[in-house]
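J.: Next come the chains, spelled out residue by residue.
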Amino acid sequence: MWSKSLGNEQNGINGMSNINLTVNGVQHTLEAKPNEPLSTLLRERLRLTGTKIGCEEAECGACTVLVDGEPVVSCIYPAERADGKTVVTIEGLASTLTPTPLPLGEGQGVREKLHPLQEAFVEHGAVQCGFCIPGQIMTAYALLRRNPNPTKDEIRFALKDTLCRCAGYPTIENAVLAAAEALRTGEPVKKPTHIPDSIHRRKTVGHSHLRPEAVEKVTGKAIYTDDLVFDGMLYAKVRRAMIPHGFLTRLDISKAKALPGVVAVLTAEDIPAERNHGLVIYDWPVMVGVGERVRYVGDAIAIVAAESQEIAEQASALIEAEFDPQPVITNSVQARQEGVPQIHEKGNLLKHIKVRKGDIEQGFAEADVILEHTFHTPATDHAFIEPECSIGVPLPDGRMEIYVGSQIPYQDREQVARVMGWPQERVRVVGQLMGGGFGGKEDVMGQIHVAMLANATQRPVKLLFDRQESLLVHPKRHATQIRVKIGAKRDGRLTACETELYGDTGAYASLGEKVMTRATTHSAGPYDIPHVRADCYAMYTNNPPAGAFRGFGVTQSAFAVESMMDKLAETLNLDPVELRRMNALHVGSVTNTGQVLNESVGLTECIDKVDAEMRKHNPLPFKPTVDPANPNLLRAWGFAAAYKNTGLGGGAPDKSGADVELYADGTFQVRSSAAELGQGLVTVMRLIVAEEMSVPPEQVSVLVMDTDLAPNGGPTTASRQTFVTGNASRYAAKTLRDQITAAMAEKFDVRPEQIRFENGIVHVNGNLLTYADVYQEMTASGQKPLVRYEYEAPKTQPLGTGGDMHFAFSFGVQAAEVEVNKLTGEVRVLKVISANDVGMAVNPLGLQGQVEGGVMMGLGNALTEEFIVENGYVVTDHLARYRVPGIMLTPEITSIIVEHPISSGPYGAKGVGEISSIPTTPAITNAIYNAVGVRVDKLPVDQEVIAREIWERGEN
Amino acid sequence: MNLWQNYIRPKNLSEAMDAFAHAPRPLLPIAGGTDLLLDLEQGRHSPVQTLVDVTSVTEMTALEKRGDELFIGAAVPVNRVTTTPEVAHHAQALAEACNLIAGPQVRNVATLGGNVAHALPAADGTIALLALDAKAEVADPTGTRIVPFRELFLGPGKSSLKHGEELIVGFYLPLTAPHRSSCFKRIMRPQGVALPILNCAVWLERENDTIKDVRIAVGPGGGTPFRATQAEDVLRGKSLTEETFESALETLLAQSQFRTSARRASADYRRHIVNGLFRDVVEIAWKRAEWD
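Chains as they are written, first to last, in this note's numbering: chain A, 27 to 982; chain B, 16 to 307.
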C-alpha cells in the first residue's frame, strides 16, 4: 500500500548528505557524518567546547543544549536529527537576551555580558569545578523559558538528572531562584545574604569573594584538557587486559599496526626506562609485557596512536592477546588467608598498620560495658564529571609537554621522566582546569602513555578516557571490614577501644598504605580514650586499585566507630550527644597516636552548636515521630562526630612553594603548582596575597599547576592546600612586602616603620606610591620584585614514635534527620546540620560549597554509591549503574562554621575539604536506627534489608 | 566508534516503509534513541548500516482525539505526553508514568513507542498503557493493523515486532468518562540502574460505592507486562473495603510471578511492598473516580 518514491532527494535511502542547522543564531551547513552525535558536531566541528561530555550515556546532563527551545542531552542526539533545527549552547546564552544584558557588577576582573542565570551562578558560588555548569545553566534556562517563577521543587524537578559532583545543589537552587527573580523584575541579580563572614576576618580574607575563574566557567569559555586541540594531533587508545588475574602469554599487534591511519602501537617492550609508576611504591606497570602478571582488568597491555579516535579504537580491538588465567583474589580478608595466590612478589600484605596506646587489657578490665560489632563498607568511585584526559606534545627542543588536570603536577612530571629515562626538567606538566578530582586524579592515568606515544610519533597525542574506562581504571575508595570493640564505664567514660581493619587496596599500592593508616589512627573516633589498640591489614587483591578519596580512610572508620558510639549510648541509656561531649578530644587531650593537642580543638563547640540547632527542630530528636498523614513514615535525627588531619603527617616533609611577583602595571601574580580541582584554592591564594599586599583581589592573578612556571605546591590531598600553599603564598607576599619596604626605605631615606601599605597604595612618609610606581622604583635600582618562598609545615613524626603525627586537625559534627518508610525501607534525608572547625574561614562563600558538597558526597556514600566488582570484573562500569546523588536527594543543609584558629595556619586556617564529608554517613545511619530500630552495618544502606528486618520483627 | 553509516529521516510512514524495504541492512528504526544508541555504543546491539529516524514521521508524532479514542503517536516524546492536557484528562496514569521517566533532557527525546518497544516488564509507560487498555497500531510493508497491547510482548526485552520490518505507529486509548479514573506510582531504589523495583497502574470505573470495572497492571509481575486480571475479578462489582482489598491483594500475589532481580530487589521484597503500592494506587484511583 505504501508508495515507493521518496519525495526528498537529500534524504534518500542512503541517508543525508548535509545538515543545515542554526547554532547560537549562526546558520551552518555541514556534511553529515556517520556515528556523529550533536555534542561531537558542536565540540569538534564548531569548536563550541562549552558543551561538556561527562558520560556519553545520557546520565549526567553536562552536555545539555536547547534544540528548538527544548533541553536535550546532546551526547545521544544524532547530529543529523538537528537538521533544520535551532540549537542554543552555553556560548549563545547571553545573546538570547533582549535587550542586551547588563555588564556584570563589581567584583569581577573581566567585564562581560552575562545572562542573569550566569551572573547568579557566579554570585551565589554555585560554580565550583565548573564542568557541569553549562548543563546546569542550560537546563535551568529551559525551565525559566516556560516557567518564569518556579518553586524550589520545580527547580529540583527540572535539574533532577543534571549531576554536580561538587554537589553545590543548594546554591544552584538559590542561583536559579535569584536569576528568575531578576528576569521577572528586570532588577539586578540579588546576592546571597545568608553566609556570615569569618569571626577572624581581616580586610580581605574572611569575607566572601567570587572565584576569579567563575565567569569563564559560566560562559563555556573555560578550557579543560579535552577542549584543547593541537595541529597534527593524534588520538590514543589503551588496550586493557580485561581479565582480573593471569599471565600475558601472547600479544600480537601486527593487525593493529597495519590498519590505515594507525601511527604507532607500543607495548611493554617499548618502555624506555622505569617500567612501573606509583605514588609511593613503584609497583604499577606502565604496561604489562608478555610473560608478566596482569593484576586487574584495567592493566594496560598496549597503546595505540592513530589519526582519529575511531581508528585508534578499531586498532585497539585488532590487538590479539592471550592469557594464562590465575585464581582471583576478590577481597582483603581472603587475600590474607593461608595458601592463597600471592599477587605481588612481596606477598599480598601491603602493610600491617598498628596503633598502640595504654594497655588495652586494662582498659577492657576497667569497663562496665563492652560492645563489639563488625562493619563493612564498599569501594566507591569519585565519579568526577570530567573523565581523565591527557595530551602529550613533543617540542622541537626534545622536551615534552603534558597537558592534564592532575592533583599532583610535579609527581606526574617525575613519574613520566622516570619512565622515559629523562631528567625531570625535560618534562613540563601544564595543568588544566579540572572537572573535579576528590582524590581520584592523584595517580598517573594517561600521562605516561601520551608521553610515550608523542615521543614515538613526534606528534601531539590526546588520550581521553570514556566513562567506562574511567570507572574501570582509576583507584577507588578502599572497601573495608572494620571490627570495633569498645569499653566504657557506666557513666559513659570510654576506657578502651580496639579495632581491626581490613582494607582492600586492589591490584596496586597507590596511596593504600597512607589511606589505611589514616583509617586506623582515626578508628577510635575523635575521643580521648586511655587505652587503644588498632590493627589494620592493607591487602592487595585483584580488584581495581584503591587510593585517595575525600576522607582518606576516615570516612570508613568513622562510620564504624560512630555507629558504635550510638550503640553504646543506647546500652548505657545515655543521650548520644552527651556521650560524645563527655569523651570529646579537647585542648590537652592525647590522641591515639600519642599526640598532645595544644590548640585548635573546636570539637566541643561543634557538638554544642549542632545539638542546639537540632533541638530547635525537635527537643526529643532521637525519638521517632510518625507522619500524621502516613503512619508508615517515621522520622528521627542521628548524630555523629569526626576529626581529620590537615596535611600529610607521619613524618613526611610537607612543603609548598609559591612565587609572588609584582608586574609593571601594579598587579600581582601568585604562582604555585598546587591543584585547583574546583575546591577553591585559586581564590584562597588570591585573597591571601591581596590581604598581604593591601590590594583588591582583582589586582592579583593566580597561576597554578605548571611545572615550568610555578614552584612545587606538593600534592593536592589531605585537606592541605589552604594550609601549606596558603602559607607559602602568604609568606612569599610578606617577604615581597618586606623587600618593597626595604627598597623604599632606602630610596626615600626613611625608616621602614614609616612605610605603610593601604588600599593599594604604599605610603612612604607622606609620599603616595602606586604599585606601578613601586615596580618602576625597584626595577630602576636593579631589583626584581619577585619572591619565591618555600614553606615547610611544622615537622611531624611517624606513627609509633609517639610524637606529633600531624600539625593540625579539623573537627566536624553533623546531625541528620531522616524519614524511613517502614513498609518499603525507603530512606529520605530531610535535614543535615553540619558544623566544622576550620580554624578560620578564608573565603566563607567557597567554604559553603565545600560543606554542601561534603554533605552530598557523604549522603551518596551512605545511600546511593557502591562500586561493585564480582570476581575481579567491574559490574558498575557505567554511570547508569553507579549512582551519585542528584539534586532530588538534597536535604536542607545548615552550615555552622566554627573557628578555633591554629597558630601555624594562614590567619589560623586549617583544612575543610574532607572533614565536611566524614560524619554524614554515620549521622544518617544513626538516624535510621533511631527512626525504625534497624542498625545499618553494611554500606550503602539497603532499603530491602531495612524493610526485611522490620517485617521479620512483625512490625509492618 | 562504528554505530551506523546511513541516517534516514522519513517524513511519513510511506517513506519509512520505503526505507525499510530499500535501505542498506542491517537496519533499525530509531526514535529518541535514549536506549537504542546506548545499546549500540555499549555493544549490546551490533552496529547497523542504517538508522531510520522516525521522529519526523507525521503519523507517529500525532497526539489527538480520534472519535472515541485518544491517539498518541509512538514517536511523541514522553515530555509532550506529560504536558498535554488531553493526556492528563483521559489517561492520567500515563501522564504520571511519563513524568517520572528520567530528567527533562531525556524526556524531550525519549518516546512512548521506544518505552514499549523495549518490552521491559516494568517500563513505566508500558505499565500505564496496559492498565489503560491501550491498543497499538503497527505498520509493516503491507499496511497498518491494530494489535492488542499485550500481544506486543514475548518476554523480558523481547518484542513481538519484526526487527527492521515493523513499526509501532502509535497507541489508541479509550476516552475517559465521569467516574472513570486512573493512577500510576512506582517504588525505586537509589542505587544501580534507574528501573523501578515495582510499579503499578490502576484504571477503574466507579458507580456510587461500587467498583464497576477495573484494570490493574504491575511491573515486573512476570516476564511480560503483567495484568492482574484475577484481582480485577475480585474487585469488580465490589465496594472498596479492607476485606475486598485484602482479597484482591492475595489474588494478585497468587497470579503474579514476582522474581528476584540481581542488585535490584528480591521476589520476597516485591511481594512485601506490593501491598502498600497497590493499596495507594487503588485508593487514589478510587478517590479520583468519586461520586459526589
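I should point out that these hints are in silico values taken from the structure, not numbers from a laboratory. Backbone N, C-alpha and C fix where the C-beta goes; we use that ideal spot for every residue, glycine too. Hints may contain errors.
[Claimed, not checked] Okay, derived cross-link-like pairs now, DSBU-like style, lysine-lysine, Cα gap no bigger than 35 Å in a straight line:
no., chain 1, residue 1, chain 2, residue 2
1, A, K216, A, K186
2, A, K111, B, K302
3, B, K150, A, K186
4, B, K150, A, K857
5, A, K59, B, K26
6, B, K177, B, K150
7, B, K302, A, K59
8, B, K173, A, K186
9, A, K111, B, K26
[Claimed, not checked] Derived, one-sided and incomplete: chain B residues facing chain A with beta-carbon distance under 8 Å:
no., residue
10, G172
11, G237
12, G238
J.: Each hint needs a verdict: does it hold in this structure or not?
T.: Here is how each hint holds up against the structure:
{"no.": "1", "hint": "A:K216 to A:K186", "result": "holds, 24 Å"}
{"no.": "2", "hint": "A:K111 to B:K302", "result": "violated, 44 Å"}
{"no.": "3", "hint": "B:K150 to A:K186", "result": "holds, 32 Å"}
{"no.": "4", "hint": "B:K150 to A:K857", "result": "violated, 46 Å"}
{"no.": "5", "hint": "A:K59 to B:K26", "result": "holds, 20 Å"}
{"no.": "6", "hint": "B:K177 to B:K150", "result": "holds, 18 Å"}
{"no.": "7", "hint": "B:K302 to A:K59", "result": "violated, 54 Å"}
{"no.": "8", "hint": "B:K173 to A:K186", "result": "holds, 30 Å"}
{"no.": "9", "hint": "A:K111 to B:K26", "result": "holds, 15 Å"}
{"no.": "10", "hint": "G172", "result": "violated, 16 Å"}
{"no.": "11", "hint": "G237", "result": "violated, 20 Å"}
{"no.": "12", "hint": "G238", "result": "violated, 22 Å"}
When each numbered hint is compared with the structure, violations occur for hints 2, 4, 7, 10, 11, 12.
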